[in-house]
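Asks: Residues per chain, in single letters:
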Amino acid sequence: MLVCHEMDLLVIGINHKTAPVEIRERVAFSGEELGRSLRKVLEHPEFTEDMILSTCNRVEIYATTRDPERGIVALKNFLAEYHGVSLEEFEKSLYVHSGSGAVRHIFRVASSLDSMVVGEPQILGQIKEAHSLAVSHNTLGIVLNKLLHRAFHVAKKVRTETKIGNSAVSISYAAVELAKKIFGTLEGKAVMLLGAGEMAELAAKHLVAVGAQRVIVVSRTYRRAVDLAMTFDGEAIEFDGFRESLKEMDIVISSTGAPHYILGPEDVVGVIKARKNKPMFFIDIAVPRDIDPRVNEIENVYLYDIDDLQAVVDTNRERREREAMKAEEIVEEEVLKFYHWYTSLDIVPTIVSLKEKFEKIRKREMSKYVASFVRITEKERKSLEALTSAIVKKILHDPITFMKSPDLNTDTAEYVNAVRKLFRLDAEGGEQTKKQGRDEGA
Amino acid sequence: MVNIWFFKITVVLYLLGTFKYLLFIILLRELLAKIAFISLSAGFVLHSITFILRYFEAGHIPVTNLHESLSFFAWAILGVYLAFYWRYRIKVLGAVVATLALILMIPAMALPKEILPLAPVLRSYWLPIHVVFAFLGNAVFALAFCTGIMYVIQEHQVKSKHIGAISRRLPSLGVLDEINYKALTFGFPLLTVGIITGSIWAQYAWGSYWSWDPKETWSLITWCLYAALLHQRLTVGWRGKKAAIMAIVGFFAILFTFLGVNLLLTGLHAYSNW
Numbered sequence: 476m477l478v479c480h481e482m483d484l485l486v487i488g489i490n491h492k493t494a495p496v497e498i499r500e501r502v503a504f505s506g507e508e509l510g511r512s513l514r515k516v517l518e519h520p521e522f523t524e525d526m527i528l529s530t531c532n533r534v535e536i537y538a539t540t541r542d543p544e545r546g547i548v549a550l551k552n553f554l555a556e557y558h559g560v561s562l563e564e565f566e567k568s569l570y571v572h573s574g575s576g577a578v579r580h581i582f583r584v585a586s587s588l589d590s591m592v593v594g595e596p597q598i599l600g601q602i603k604e605a606h607s608l609a610v611s612h613n614t615l616g617i618v619l620n621k622l623l624h625r626a627f628h629v630a631k632k633v634r635t636e637t638k639i640g641n642s643a644v645s646i647s648y649a650a651v652e653l654a655k656k657i658f659g660t661l662e663g664k665a666v667m668l669l670g671a672g673e674m675a676e677l678a679a680k681h682l683v684a685v686g687a688q689r690v691i692v693v694s695r696t697y698r699r700a701v702d703l704a705m706t707f708d709g710e711a712i713e714f715d716g717f718r719e720s721l722k723e724m725d726i727v728i729s730s731t732g733a734p735h736y737i738l739g740p741e742d743v744v745g746v747i748k749a750r751k752n753k754p755m756f757f758i759d760i761a762v763p764r765d766i767d768p769r770v771n772e773i774e775n776v777y778l779y780d781i782d783d784l785q786a787v788v789d790t791n792r793e794r795r796e797r798e799a800m801k802a803e804e805i806v807e808e809e810v811l812k813f814y815h816w817y818t819s820l821d822i823v824p825t826i827v828s829l830k831e832k833f834e835k836i837r838k839r840e841m842s843k844y845v846a847s848f849v850r851i852t853e854k855e856r857k858s859l860e861a862l863t864s865a866i867v868k869k870i871l872h873d874p875i876t877f878m879k880s881p882d883l884n885t886d887t888a889e890y891v892n893a894v895r896k897l898f899r900l901d902a903e904g905g906e907q908t909k910k911q912g913r914d915e916g917a
Numbered sequence: 009m010v011n012i013w014f015f016k017i018t019v020v021l022y023l024l025g026t027f028k029y030l031l032f033i034i035l036l037r038e039l040l041a042k043i044a045f046i047s048l049s050a051g052f053v054l055h056s057i058t059f060i061l062r063y064f065e066a067g068h069i070p071v072t073n074l075h076e077s078l079s080f081f082a083w084a085i086l087g088v089y090l091a092f093y094w095r096y097r098i099k100v101l102g103a104v105v106a107t108l109a110l111i112l113m114i115p116a117m118a119l120p121k122e123i124l125p126l127a128p129v130l131r132s133y134w135l136p137i138h139v140v141f142a143f144l145g146n147a148v149f150a151l152a153f154c155t156g157i158m159y160v161i162q163e164h165q166v167k168s169k170h171i172g173a174i175s176r177r178l179p180s181l182g183v184l185d186e187i188n189y190k191a192l193t194f195g196f197p198l199l200t201v202g203i204i205t206g207s208i209w210a211q212y213a214w215g216s217y218w219s220w221d222p223k224e225t226w227s228l229i230t231w232c233l234y235a236a237l238l239h240q241r242l243t244v245g246w247r248g249k250k251a252a253i254m255a256i257v258g259f260f261a262i263l264f265t266f267l268g269v270n271l272l273l274t275g276l277h278a279y280s281n282w
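Those sequence lines, one after another, are chains A and B.
All residue numbers for the first sequence refer to my numbering, where the first residue is 476 and numbers rise by one.
All residue numbers for the second sequence refer to my numbering, where the first residue is 9 and numbers rise by one.
Hints were generated in silico from the structure; no laboratory data involved.
Keep in mind the model is a prediction, meaning the values are calculated, not measured.
Listed next, the in silico SDA-like pairs over lysine to any residue satisfying Cα-Cα at most 25 Å (straight line):
| id | chain 1 | residue 1 | chain 2 | residue 2 |
| --- | --- | --- | --- | --- |
| 1 | A | 638 | B | 31 |
| 2 | B | 169 | A | 785 |
| 3 | A | 492 | A | 589 |
| 4 | B | 190 | A | 662 |
| 5 | B | 169 | A | 674 |
| 6 | A | 748 | B | 249 |
| 7 | A | 631 | B | 43 |
| 8 | A | 638 | B | 36 |
| 9 | B | 167 | A | 749 |
| 10 | A | 632 | B | 42 |
| 11 | B | 250 | A | 742 |
| 12 | B | 249 | A | 780 |
| 13 | B | 167 | A | 737 |
| 14 | A | 680 | B | 176 |
| 15 | A | 631 | B | 40 |
| 16 | A | 753 | B | 189 |
| 17 | A | 722 | B | 182 |
| 18 | A | 655 | B | 249 |
| 19 | A | 638 | B | 99 |
Chain A is faced by these chain B residues, among others (derived, beta-carbon under 7 Å):
| id | residue |
| --- | --- |
| 20 | 171 |
| 21 | 180 |
| 22 | 181 |
| 23 | 247 |
Virtual Cβ for every residue (Gly too), placed ideally from N, Cα, C.
Whole structure, please, built from the sequences with the hints as guidance.
Replies: Right under this line is the structure:
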């Protein structure tokens with residue numbers, strides 16, 4: 476918690492871990508009304524900045540407030556009133572973070588550490604959208620703006636420094652990954668869908684997305700085959716005729732409802748010979764299986780059934796989780812950095828460093844001046860000290876009085892930040908602040 | 009003997025490159041691969057300078073004793089790898105190639121490095137032509153050997169459904185097989201020209217095109233192996249694992265022709281004790 480701070484960060488939200496979709500959908504914000512919702516939050520006197528993130532997996536409101544306790548209550552009531560849902564219905568599913576907890580939360584969400592599938596990158600794009608929407612409705616101030624930019628930076632860092640997003644964690648992506656392992660490039664490869672299941676369709680979509688060219692759909696109901704083939708710009712074939720086309724296929728995804736094997740090793744041996752040993756990849760996602768497992772023993776033929784694919788997915792998941800630990804460390808580090816910048820926005824430390832800076836300049840110039848004279852009496856030196864000190868004090872009097880005045884209340888952070896930038900208060904001092912200053916520029 | 013200093017620095021750079029590449033395979037940090045590649049390329053440049061210096065010192069192409077031949081073979085292998093790198097940016101292959109080059113360089117370092125007067129029979133302009141073609145061909149096949157090993161490992165991983173740390177580090181089967189084929193189409197003509205030029209030279213030097221000296225016999229065996237692979241590949245589509253295993257076997261034949269014949273058998277090709 477960032478106690479003793481004039482302004483505090485708050486986030487309240489609900490996500491796939493805390494609430495089922497029945498509850499989430501009731502408090503979700505639709506795209507068109509989001510701008511209005513953003514402004515509505517700011518109508519509450521407690522809040523100075525806000526941003527709303529509303530996706531199918533999470534609904535979150537970020538805000539800055541002077542009084543976290545009242546702010547939390549206000550945000551909860553806002554959600555309930557705005558959506559016309561009674562608070563009791565979803566209060567148990569809400570999570571609330573403030574201060575550095577809120578910083579950590581947004582960093583973790585942006586880095587996809589809080590996602591349903593850890594490492595899936597969509598969430599970052601969604602946050603970017605939420606951010607630009609808030610920017611265009613002018614509901615962001617310096618704190619949230621900086622927070623979001625840091626969150627993008629952290630997400631990028633996590634992506635490049637860990638291998639969190641590198642491996643497939645769904646069956647259909649695992650199939651694509653394996654196809655790449657076998658063929659290298661999928662450019663121009665031909666795919667056959669034997670049976671038109673949903674998972675087969677998804678896998679085919681992914682394959683086409685990475686370059687597969689020809690799609691042939693085979694189904695016992697020809698109509699269905701034609702419909703599906705249309706979506707891929709492919710061809711449909713009657714079930715009885717699929718064997719003739721096999722030799723032109725590089726990848727076969729099988730998901731028929733057949734009660735027994737429809738392809739055996741003797742079929743595939745002939746096909747592979749006709750192809751002059753060009754490799755083939757069979758993906759059998761049917762249960763019971765469509766393809767005799769002995770097919771995998773044929774040279775240049777690879778057969779994966781649903782369990783094999785699941786095993787690939789499982790090892791990839793484990794790997795992602797290991798990488799997620801590294802990512803959490805990066806997040807912690809970045810939370811500290813942000814916290815450091817954030818606390819520096821306090822008025823008192825800013826006044827102190829402003830005074831220090833001026834005093835340093837005064838002393839340096841004084842000693843240069845004194846050194847340039849050979850003879851200077853102690854009395855003269857003292858009066859010079861008094862004079863320069865008085866000038867510094869007079870110059871600083873107005874800005875400091877202004878910063879201490881209560882008029883500043885709403886825009887503290889902006890002014891403090893401006894003062895720190897104007898006088899380059901962060902450029903000097905310890906290593907930590909120096910690094911921070913550089914990152915800010917990036 | 010400045011060239012020997014260059015040679016030693018080259019070995020150090022290769023050592024560094026190999027070490028960094030092996031670290032890269034373990035840690036998968038891109039920076040390591042970059043450093044390794046730079047060390048290896050720098051080593052290759054110094055290695056080339058070594059040969060140029062030695063050429064001027066000796067007055068003939070320096071491939072006439074075992075130290076020079078091993079060193080030249082390592083140089084040719086790296087050169088071929090760097091040429092392939094234009095097309096196939098496979099970092100892991102760099103690790104295998106660097107290790108192989110190092111394995112050749114270490115005995116080369118231990119062997120006597122003096123420049124000896126050239127045997128009269130070798131004084132011919134056929135010397136550089138024959139040797140360069142033969143070595144380039146061998147070097148291309150060395151690359152096919154490296155990708156062949158990688159293919160066999162990767163194929164085993166995919167077949168047995170172990171898609172884990174090993175599989176992730178190796179290139180795809182498709183790319184490895186493509187390199188195997190490319191190597192065959194480049195290496196085979198080079199080897200053929202190497203053997204033909206050797207045979208013409210033999211006519212001048214020994215008065216006969218072919219005298220069934222062990223080196224000749226073994227290079228013919230090697231040539232037949234690769235000819236068979238190329239033929240099968242083009243006609244019935246021998247590819248994948250079969251082609252990879254053939255590339256491995258073929259390279260052992262090359263190594264025997266190159267080293268085994270000199271060390272274990274005697275014949276016309278034995279010109280120096282080392």
